[in-house]
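Protein chains in written order, with my numbering: chain F, 614 to 1429; chain G, 6 to 660.
No lab work stands behind these hints, which were simulated from the structure alone.
Keep in mind the model is a prediction, meaning the values are calculated, not measured.
Heads up, some of the hints might be wrong.
[Stated by the list, open to error] Beta-carbon label-pair distances, calculated as ranges:
# : chain 1 : residue 1 : chain 2 : residue 2 : range
1 : G       : Lys-628   : F       : Lys-1005  : 54 to 62 Å
2 : G       : Asn-569   : F       : Gln-1240  : 37 to 45 Å
3 : F       : Leu-1166  : G       : Ala-155   : 36 to 44 Å
Built from N, CA and C at the ideal position, the CB exists for glycine as well.
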Amino acid sequence: MGDTVVEPAPLKPTSEPTSGPPGNNGGSLLSVITEGVGELSVIDPEVAQKACQEVLEKVKLLHGGMAVSSRGTPLELVNGDGVDSEIRCLDDPPAQIREEEDEMGAAVASGTAKGARRRRQNNSAKQSWLLRLFESKLFDISMAISYLYNSKEPGVQAYIGNRLFCFRNEDVDFYLPQLLNMYIHMDEDVGDAIKPYIVHRCRQSINFSLQCALLLGAYSSDMHISTQRHSRGTKLRKLILSDELKPAHRKRELPSLSPAPDTGLSPSKRTHQRSKSDATASISLSSNLKRTASNPKVENEDEELSSSTESIDNSFSSPVRLAPEREFIKSLMAIGKRLATLPTKEQKTQRLISELSLLNHKLPARVWLPTAGFDHHVVRVPHTQAVVLNSKDKAPYLIYVEVLECENFDTTSVPARIPENRIRSTRSVENLPECGITHEQRAGSFSTVPNYDNDDEAWSVDDIGELQVELPEVHTNSCDNISQFSVDSITSQESKEPVFIAAGDIRRRLSEQLAHTPTAFKRDPEDPSAVALKEPWQEKVRRIREGSPYGHLPNWRLLSVIVKCGDDLRQELLAFQVLKQLQSIWEQERVPLWIKPYKILVISADSGMIEPVVNAVSIHQVKKQSQLSLLDYFLQEHGSYTTEAFLSAQRNFVQSCAGYCLVCYLLQVKDRHNGNILLDAEGHIIHIDFGFILSSSPRNLGFETSAFKLTTEFVDVMGGLDGDMFNYYKMLMLQGLIAARKHMDKVVQIVEIMQQGSQLPCFHGSSTIRNLKERFHMSMTEEQLQLLVEQMVDGSMRSITTKLYDGFQYLTNGIM
Amino acid sequence: MAQVEKRGGLLRKSSASKKPLKEKVVLMYDEIFMTEDPSKCSPRFWEELFLMKVNLEYLEGKLESLDGEELMKIKDNINCLFQHCIQALGEDHPIRVVNALQTLCALIRGVHQKNKSTSGFDIINMLMGFDKAELCMKNLMESLDSLLCAEGSESLKSLCLKLLLCLVTVTDNISQNTILEYVMINSIFEAILQILSHPPSRREHGYDAVVLLALLVNYRKYESVNPYIVKLSIVDDEATLNGMGLVIAQALSEYNRQYKDKEEEHQSGFFSALTNMVGSMFIADAHEKISVQTNEAILLALYEAVHLNRNFITVLAQSHPEMGLVTSPVSPAPTTPVTPLGTTPPSSDDEHRLHSGKLCLIILTCIAEDQYANAFLHDDNMNFRVNLHRMPMRHRKKAADKNLPCRPLVCAVLDLMVEFIVTHMMKEFPMDLYIRCIQVVHKLLCYQKKCRVRLHYTWRELWSALINLLKFLMSNETVLLAKHNIFTLALMIVNLFNMFITYGDTFLPTPSSYDELYYEIIRMHQSFDNLYSMVLRLSTNAGQWKEAASKVTHALVNIRAIINHFNPKIESYAAVNHISQLSEEQVLEVVRANYDTLTLKLQDGLDQYERYSEQHKEAAFFKELVRSISTNVRRNLAFHTLSQEVLLKEFSTIS
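Build the full structure now, drawing on both the sequences and the hints.
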């Protein structure tokens, strides 16, 4: 596999120096393109891809050696049919470009006056090649973003702006941070090109609107207050938040099917009309909040969510779409802020639980978790399950959120509230209704007591009544037949024969039952999250579902989210994107490296949410709780060396380790202590906390000079330095690096665009991008790369600094 | 009549010499006390009257001084006054409303104080007249309802509540207060709920509202359909229930705090800070209120809420931590319903203390029977530090409370029960409380067994407390038997042990805790032997305790089997190894080695219990309790309704 992957890569460095100035190669370029495109239908994808790469190389040169690059991906090729139809729907814009080319013989022209002003003369032939590229099946979103960023041509930018409509939503969504960062920080042409698309998508999706608004806010925050561009980002943000962009036509299906012309319109020109479903939904929300049969006068205790919905009720034109969600996010952040003021974990946990129980009173509402991948309404936060995470001075916390999945967030109405105590009942007044009105006076001179709610449910018998007449069947959770026995004691009442049991049996059952319970972590008030995270996700879902008043609904789902307050998650988002990109590269190149990018929601420059990795606890927690070495822990959890379970866990460990070692090396991830590395139930490791990447490192102590973290404990799990698995590990790293190198530009592009206008510490200094590119070692041969990997592994193994850093972390933060 | 009037005037003169002249209002009152219609000569009489500052003392005193017949003579005028008061309630000017409310207070109290012997119907007739009573009261209740629910002055609302409290507590026995029949028909339940659900109004009036509700619920509780009971039992609005829980929690924590202050004497900065904070919110204008008696009222409210409304239990679980939120950032140990009991001093034979203690145990009984409450108590995720007040005793130092572990709430409940058991073994043996206490433990164990909750609790403390209690019962056999059936209690204790012995596998935390149970039984075998010989003795001779004692004999079968099985083994172990005194570890070793040869008998019904029922068993207690609460609320009211200077100032500046 490695062989096939490597080939194209070494070609590049050699082709670069030989190529001359752009103009001279015009003719040959054309032929290359025709070749490449012509062959497409006949040759296999691999060859096509190579050809395509060459084309792009040339195109790059054509732009004066700019650091552009994009490549067709086989992924896109697989989707060839889709692209075809998409391009067809684009008839308008390309036609426009063609016409102008013909008439003016000049560069592309978008319709805008601004574009015209900044228009440059260009070679028409060159443009048409570009056009052919743009129209080719190879042109994917990654290339589009690249051209949008690198091209100085307003026409090209406008074209790509239009072209965005043809890509699948999910594909574009991945680059949303890049698009918006360009919108904020680059010149107006880029902005003008992007805006229609953004506006269009905002109209369609409330979640997209929210993400845009949040990202625009977060990425504008690094700017000086007074710049004009600043107001440009904030203007769009305001527009989105003002709710002008409510869905235009609710019934419209996918955006790719919607005609492009729609987007040319400025959103403000739209007549402002409130869609009916929105209105009714908001009403149902507020009536939910106030619903109570017993005391209709009662208004909701607290302000935030209810007040916003209250105002919705009163004035039908006020912002509604995003208001409840923003309030929801605001309350979550406010909780985080308040938690931070408390000194101990224990107090924080208690406070968190009580705060969430109050929040629960306002749910269900028209709110959702943006990290989820499906439409839903949040109905309940099981507050007792929430935990405060380990952090020194901030108070990130993990909450579980019960949601009801729905087909379409906008059209589905908010689920009705089911009280926490749905199954509860009254007991002491069972006989009240039968009591009847005995008092003569009552019957005579007084009117009868007004009808009180006499619904059957409220009078049902309490569930604990089972205790009185206990049936053996009730105990579905008893572990075995023998222990059933002790439960059956009541039935022995009928037979007056005395029943005898052996004391030894009781004792034995006790120890057996305790032995059978899975290895749960012990509760530690200083580390409340350990227990919560150790519990298998499926089990947790089942447990919470059982205890939830909404649990019986078929569309009930459990989500979890980490709320971070006071942390800048923009770097995390960047890391997520890079990881995601690497993941898809490795998948595409069939390198079995395993990494787990976790979703990030940037809320502002100092707050956000993280999708937690389920079934995973930090290595620190593992070691502290088990008091075992990592290898022994593996043996305990998965079985002895030769078992299937252990071997697959070991393989998972190796694959994830190799993946993350590469990630750590490429992104220069620092602060790698055991609290930041998770271990999941299948043996994978997962690195979290990308607070120090690229050019930033913690406290600049010069610690962690090694390429990545590889401790002897890790190597032990892999079976030692001479083991097959360790060799496999190194081979995986090599393959992964080669694959990543092949697609370097796709990775670099993500980082590079985000550097624009950013003050993030990871972009500190001027050489961030250059250094990043250098770490891909484009000029090395495969043998050299192999040597490099060996060196890095050796260096990390020998690295005393890793050990030092762990010691340092232990001393300062108590992380093992 | 005129003489009486003069006397009144003279009295005033002599007693309060700074006011030699009669106030205008007093003169007007005097006119009302004539048989003539006061508005005859001055048509604007009633309008003027409500502009005058009310002289409650005079009005009340005057009414008191009249006997039934004299009152009947001026009945028309009093009816008129009552009606005009109600009319004035609807007016815009707050001064009139205030004066009308106060006048109503005085009227109701005055008429009642004099007419204790007369029936409720006479009083209704006296105040309103039979024919108009229904309409009158309807108007009154409607006015009060709208005043309470309106966005008006807080002091006005407070006065409305005072009037209602006044109305509810005019008789010692609330069920004899016939006027309340109208309060039943014209429900102000919703208004009370609204006060509780609204944070600002809850802060101001929550206490009064909760006490009022608790009292109203107790009106003819066992005889008729009380709509307040019905309504309270089906309230499911979380905000309201939460508000109620908060009020109760605050009152209780305030009580605890005061107790602690008293206990510790020295007031640190922290405490005074907390006092100010809590004080300004909760007791506002009524420092007098806090006493053991008001505590009873709030406990009664808690009881009614827990007992009647089972949604409340879900809130009970939530509102505790929130307590900390509201009071101060330095959140004190979460108040639980259990803490008041912890403060019951063991030596006190004060009736009120016993009342409170009993009520607390009843509340705990209700909680221990509730599935949801149990789930909350046992929830591993919800940990609390509960600071129990432990009385310093001869044999133990005052425990340092600083390093309390954070545990599920049920541990605190069990601790409290253990604490109660060890501290109340006294001559005046509170048998009833002990039985309730053991019942609470039993119910908790039943839940744990049923749901297989393995609580990490040091059961040993409970076992040794129970054994000590048995010892106490035996050593005071003669004294106690004269008053109580000690066998019921003994049987319950022995059956608790039987729970552990036969069902220990379902809820004990570790195998070694099962060993420890055996160790403890073997170690204290003397006590069980003595108990056995005692019950054997009493069950063989045909005394009154024959049956009760023989039940205990049967219950002891497993414990005796354990003792008889292991003791010889331990002795032989000692003999073989030549050790005179075996260490705990050695005994445990013997125990572990010899389980298999021991056979136990499975006893019936260990994990079943009789459910708590108020109506049949506790009615007398609650009647008495409500009576004492009524008296106290009334006594406290007298002082506060009279001093509404603040209120008048507020309105005079507005107008």
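- Query: Does 54 to 62 Å hold as the CB distance between G/Lys-628 and F/Lys-1005, or does it fail?
  - Reply: 59 Å, holds
- Do F/Leu-1166 and G/Ala-155 keep their Cβ atoms within the hinted range of 36 to 44 Å? 41 Å, holds
- Task: With respect to the beta-carbon atoms only, verify the hint that G/Asn-569 and F/Gln-1240 lie 37 to 45 Å apart.
- Result: 42 Å, holds
Of the numbered hints stated above, none is contradicted by the structure.
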